[in-house]
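K.L.:
Spelled out, the chains give:
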Amino acid sequence: MTVTDDNTNAVPTPDNNLNDNKPVGYGRMLRKEDPRFVRGLGQYCDDVELPGMLHLAILRSPMAHARIVNIDKSAAEAHPKVKAVITGADLAEQGLAWMPTLSNDVQAVLATDKVRFQHQEVAFVVAEDRYSARDALELIDVEYEYIKPVVDVRKAMDPESAIIRDDLEGKEDNYCFKWETGDKEATEAVFANADVTVKEEVVYPRVHPAPMETCGCVADVDRVSGKLTLWSTTQAPHAHRTVYALVSGLPEHKIRVIAPDIGGGFGNKVPIYPGYVCAIVASLVIGKPVKWMEDRTENLVSTGFARDYVMQGEIAATKDGKIQAIRTHVLADHGAFNGTAAPLKYPAGFFGVFTGSYDIDAAYCDMDAVYTNKAPGGVAYACSFRITEAVYLVERIVDCLAYELDMDPAELRLKNFIQPEQFPYESKTGWVYDSGDYEPAMRKAMDMIGYDDLRAEQAEKRAKGELMGIGISFFTEAVGAGPRKDMDILGLGMADGCELRIHPTGKAVVRLSVKTQGQGHETTFAQIIAEELGIAPDDIDVVHGDTDNTPFGLGTYGSRSTPVSGAAAALVARKIREKAHIISSGMLEASVADIEWVKGSFQVKGDPEKSVTIQDVAMRAHGAGDLPQGIEGGLDASVCYNPDNLTYPFGAYICVVDVDPGTAEVKVRRFVAVDDCGTQINPMIIEGQVHGGLTDGVGMALMEMISFDEEGNCLNSTLMDYLIPTAMEVPDWETGHTVTPSPHHPIGAKGIGESATVGSPPAVVNAVVDALKPYGIRHADMPLTPSRVWEAMQGNHTPPI
Amino acid sequence: MQVTMTINGEEVSREVEPRTLLVHFLRDHVGLTGTHWGCDTSNCGTCVVWIDEEPVKSCTHLAAMAGGHAVRTVEGLEVDGELDPVQEGFIQCHGLQCGFCTPGMMMTARALLDRNPDPDEATIREAISGQICRCTGYSTIIRSIQWAASKERETAVELAGASNEGASA
Ligand code: FES
Ligand code: FES
Numbered sequence: 001m002t003v004t005d006d007n008t009n010a011v012p013t014p015d016n017n018l019n020d021n022k023p024v025g026y027g028r029m030l031r032k033e034d035p036r037f038v039r040g041l042g043q044y045c046d047d048v049e050l051p052g053m054l055h056l057a058i059l060r061s062p063m064a065h066a067r068i069v070n071i072d073k074s075a076a077e078a079h080p081k082v083k084a085v086i087t088g089a090d091l092a093e094q095g096l097a098w099m100p101t102l103s104n105d106v107q108a109v110l111a112t113d114k115v116r117f118q119h120q121e122v123a124f125v126v127a128e129d130r131y132s133a134r135d136a137l138e139l140i141d142v143e144y145e146y147i148k149p150v151v152d153v154r155k156a157m158d159p160e161s162a163i164i165r166d167d168l169e170g171k172e173d174n175y176c177f178k179w180e181t182g183d184k185e186a187t188e189a190v191f192a193n194a195d196v197t198v199k200e201e202v203v204y205p206r207v208h209p210a211p212m213e214t215c216g217c218v219a220d221v222d223r224v225s226g227k228l229t230l231w232s233t234t235q236a237p238h239a240h241r242t243v244y245a246l247v248s249g250l251p252e253h254k255i256r257v258i259a260p261d262i263g264g265g266f267g268n269k270v271p272i273y274p275g276y277v278c279a280i281v282a283s284l285v286i287g288k289p290v291k292w293m294e295d296r297t298e299n300l301v302s303t304g305f306a307r308d309y310v311m312q313g314e315i316a317a318t319k320d321g322k323i324q325a326i327r328t329h330v331l332a333d334h335g336a337f338n339g340t341a342a343p344l345k346y347p348a349g350f351f352g353v354f355t356g357s358y359d360i361d362a363a364y365c366d367m368d369a370v371y372t373n374k375a376p377g378g379v380a381y382a383c384s385f386r387i388t389e390a391v392y393l394v395e396r397i398v399d400c401l402a403y404e405l406d407m408d409p410a411e412l413r414l415k416n417f418i419q420p421e422q423f424p425y426e427s428k429t430g431w432v433y434d435s436g437d438y439e440p441a442m443r444k445a446m447d448m449i450g451y452d453d454l455r456a457e458q459a460e461k462r463a464k465g466e467l468m469g470i471g472i473s474f475f476t477e478a479v480g481a482g483p484r485k486d487m488d489i490l491g492l493g494m495a496d497g498c499e500l501r502i503h504p505t506g507k508a509v510v511r512l513s514v515k516t517q518g519q520g521h522e523t524t525f526a527q528i529i530a531e532e533l534g535i536a537p538d539d540i541d542v543v544h545g546d547t548d549n550t551p552f553g554l555g556t557y558g559s560r561s562t563p564v565s566g567a568a569a570a571l572v573a574r575k576i577r578e579k580a581h582i583i584s585s586g587m588l589e590a591s592v593a594d595i596e597w598v599k600g601s602f603q604v605k606g607d608p609e610k611s612v613t614i615q616d617v618a619m620r621a622h623g624a625g626d627l628p629q630g631i632e633g634g635l636d637a638s639v640c641y642n643p644d645n646l647t648y649p650f651g652a653y654i655c656v657v658d659v660d661p662g663t664a665e666v667k668v669r670r671f672v673a674v675d676d677c678g679t680q681i682n683p684m685i686i687e688g689q690v691h692g693g694l695t696d697g698v699g700m701a702l703m704e705m706i707s708f709d710e711e712g713n714c715l716n717s718t719l720m721d722y723l724i725p726t727a728m729e730v731p732d733w734e735t736g737h738t739v740t741p742s743p744h745h746p747i748g749a750k751g752i753g754e755s756a757t758v759g760s761p762p763a764v765v766n767a768v769v770d771a772l773k774p775y776g777i778r779h780a781d782m783p784l785t786p787s788r789v790w791e792a793m794q795g796n797h798t799p800p801i
Numbered sequence: 802m803q804v805t806m807t808i809n810g811e812e813v814s815r816e817v818e819p820r821t822l823l824v825h826f827l828r829d830h831v832g833l834t835g836t837h838w839g840c841d842t843s844n845c846g847t848c849v850v851w852i853d854e855e856p857v858k859s860c861t862h863l864a865a866m867a868g869g870h871a872v873r874t875v876e877g878l879e880v881d882g883e884l885d886p887v888q889e890g891f892i893q894c895h896g897l898q899c900g901f902c903t904p905g906m907m908m909t910a911r912a913l914l915d916r917n918p919d920p921d922e923a924t925i926r927e928a929i930s931g932q933i934c935r936c937t938g939y940s941t942i943i944r945s946i947q948w949a950a951s952k953e954r955e956t957a958v959e960l961a962g963a964s965n966e967g968a969s970a
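Residue numbers (the working numbering), protein chains in the order written: chain A, 1 to 801; chain B, 802 to 970.
Treat the hints loosely; a few may be bogus.
Said to hold, decoys possible - Stretch-level coverage of chain A by chain B, calculated; a stretch enters the list once three of its residues show a Cβ under 8 Å from a Cβ in chain B: (1) 27 to 33; (2) 41 to 54; (3) 295 to 306; (4) 511 to 519; (5) 681 to 688; (6) 708 to 721; (7) 729 to 736.
FYI, nobody ran anything at the bench for these hints, they're computed from the structure. All of these numbers come straight from a predicted model, not from anything done at the bench. We put the beta carbon where it would ideally sit given N, CA and C, even for glycine.
Kindly generate the complete structure, drawing on both the sequences and the hints.
P.N.:
See below:
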């Protein structure tokens, strides 16, 4: 059942601190992590300081494609503060020059034969301090032999293009992989008979998550025990530990990965980067702790990018606007190494959900993924494993259809939604949507923004030559990877462990495999346990981000923490509650069947006077005296949760823009986001997640892009030319919600972390294109910078790549 | 070279290379890691501290330039165990997520409120426009600063009332 309630965007004041409800369970609650952060006492990676610690800096290639002829490191080695200078050849001697990527490709730790993208890692220096390490990089002399780089993705497969991956045996082209989904013939048949078909090329350019904290680590190998402790900016500490064990040959129990406070991740901190491996090698070789921290340029030019899809979108419909089929061909640029982090059976991530929120008859996609001389990556930036691209494609071509049919885009969507009674709904590409009720969310967004009034205002403005646009996006996501029968990363199943221990005095500690990067796990997970056990969140310590002290699990990305680990937390608490129930029967001298759980205590049915609290039971579980037969002492439990299915959050977003006809500058005037992520644990945190994602969406739609010149030089390597929204470019966000619980999740929760990043770019682009309707424009590609919008207005819009 | 300054009211002196940036001086030499570093080009503002009550980007100042001056960092916002209203506002209004931009944002906010006790939304947006937050989308940061402003105005009224009437409100 979908619950919609009125959600004013009330603002806390000193007289009404409405976020501070101190719930014993779900509700608005201030974050447990904030007291340290507001004092500047967060402990981020670069804050780790160990005695005798050395600093590592990486020499990177100035060229995008070149053979390495010679490296002379003698001058760098002679620098008085330098402890080591290591090249790819040095690593190759130890068999460490290459490492596996999370997509089962390989990537060079340091280049041995060729460099394959600009700023690829070529050598590293370890020195006494940050500055000397950088100084010494200047002293390394590398001789390169130029090879024509492959920059244009559309030409990657041309026979005259150089072969980038000649390291792979027998590789004679730049294919990375081919992939298809859906039913080709059935889709062709629908298109052949459709009243209306619309085709549009839709480009999602390369963008970068650019968290405010760059990537880095401190590696410390204990000389005596041989144990490696690695503080690192990782969203997936357990998965990383296993991969390090596989790469380095260090036994897994001799590796401890600690993810300290993380200054934003957004997918950027999922892959394993060469810098981490270099720091580990350096600490092993030198026997001292070694710190590596990227600078901003290194972060933007070499770590996990996102998107880079050229999509041919086609949609078929009846003339009254019933959508019948969607078809697409995708050309995917994976850069020089396939560094995508996605479940192995899903090389294109979850792009298969490109049929969106609509009940259609047929769908088909085929994809060519290629190598180019650009940085590796592919899945990052809060994309829910490529759902961002899928949602952008479908929401853009639905608007193109509305344009052709001259139909209101809201009406067109309302007409085609999957209906509530159709859930669970199997899409034409095989995804089983768990629950949904789309129309109430859409209507709510339209009410909140005052849709009809806005259309009237737009008509008046158009008559005066002013450019105002209203853009809609309705998205469905598939998050919470995933069922281990289908989903693994490098053979590691995507289930999550969780451990919970109740201390004798009734306080608790819960240990998670996932890792917050700002999402507030220390608060949310305490609330999940609190809801199940009636122990106040302040009495529950949440431990995460340390492989020695937490159970195994695959980490935080793809909005999976609440869908997977959140379920694990609820189930482990229920396991404890069951045991506590039995213990309470001994204490109350009543049968288990006669005792009921009333949040926080066990009561004899019909006699609420006779009750014991969970704290009483905890003391009894650890105390003297007999426990019921067959019950062990203590009150702890662990689970490993394997989800039945993904969860499918959805939302309706409406954006209003004004475009300056003289300068082509786009101003986002208003943005309403109505999200449905199922059961809400902490609405304050949910709102925060949505706000952040909406800002990303404005960034991508209007400002952000990683582009290259024809020699493969990255043109957006600093925050001066990779533009991220500041407070000046975004409006005050207006949010609302509906609640449609997931039927298979123990608490009915879905994920929310990426919904807004996924859902908002098409709303902004649709709004800009709508504003430009008087110019006869049906489509324009991101980023819609003033110059690109101006070109569109002049009739010469070109794709960004 | 020897560089001496007061940081959060205490005199600090260190021998450093002349090229040492203030942000590195604070973090690596003095151990005050609340001030962060996030870019190479003075764009992000995670490094904002005060020099003589003026918010500056500490990545764009040499430590030597702060020599002889009074520096205030995020660690100096809390006074005698009492949080600054700006810090409280950020907690109450969910003005932070990962917390990385937060120290810089709060230093700018504190400086703004010292000059303008009742800034409107546009003024706040402009004041923090040299800083990037990748997590919050700014609305909650603006609410946090407004929360602090109204708290300070209330306290000021209470104090005025107390001194006028000799009784506490
Ligand atoms: S570190 Fe980015 S502005 Fe100072
Ligand atoms: S809270 Fe993460 S960058 Fe602002």
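K.L.:
Check whether three or more residues of the segment 41 to 54 of chain A sit with their beta carbon closer than 8 Å to a beta carbon of chain B.
P.N.:
holds (count 7)
K.L.:
If you look at each residue in the segment 511 to 519 of chain A, do at least three have a Cβ nearer than 8 Å to any Cβ of chain B?
P.N.:
Contact hint for the segment 511 to 519 of chain A vs chain B: holds, 3 residues under 8 Å.
K.L.:
When I compare C-beta atoms, does the segment 295 to 306 of chain A have three or more residues closer than 8 Å to chain B?
P.N.:
holds (count 3)
K.L.:
Establish whether the coverage given for the segment 681 to 688 of chain A by chain B is satisfied; the threshold is a Cβ-Cβ distance below 8 Å, and no fewer than three residues must meet it.
P.N.:
holds (count 4)
K.L.:
Confirm or reject the coverage of the segment 27 to 33 of chain A by chain B under the rule of 3 or more residues with a beta carbon closer than 8 Å to the chain's beta carbons.
P.N.:
Check passed, 3 qualifying residues.
K.L.:
For the segment 729 to 736 of chain A, does the count of residues with a C-beta closer than 8 Å to a C-beta of chain B reach 3?
P.N.:
Held - the segment 729 to 736 of chain A has 3 residues with a Cβ nearer than 8 Å to chain B, which meets the minimum of three.
K.L.:
Examine the segment 708 to 721 of chain A: at least three residues should have C-beta closer than 8 Å to a C-beta of chain B.
P.N.:
holds (count 3)
When each numbered hint is compared with the structure, no violation occurs for any of them.
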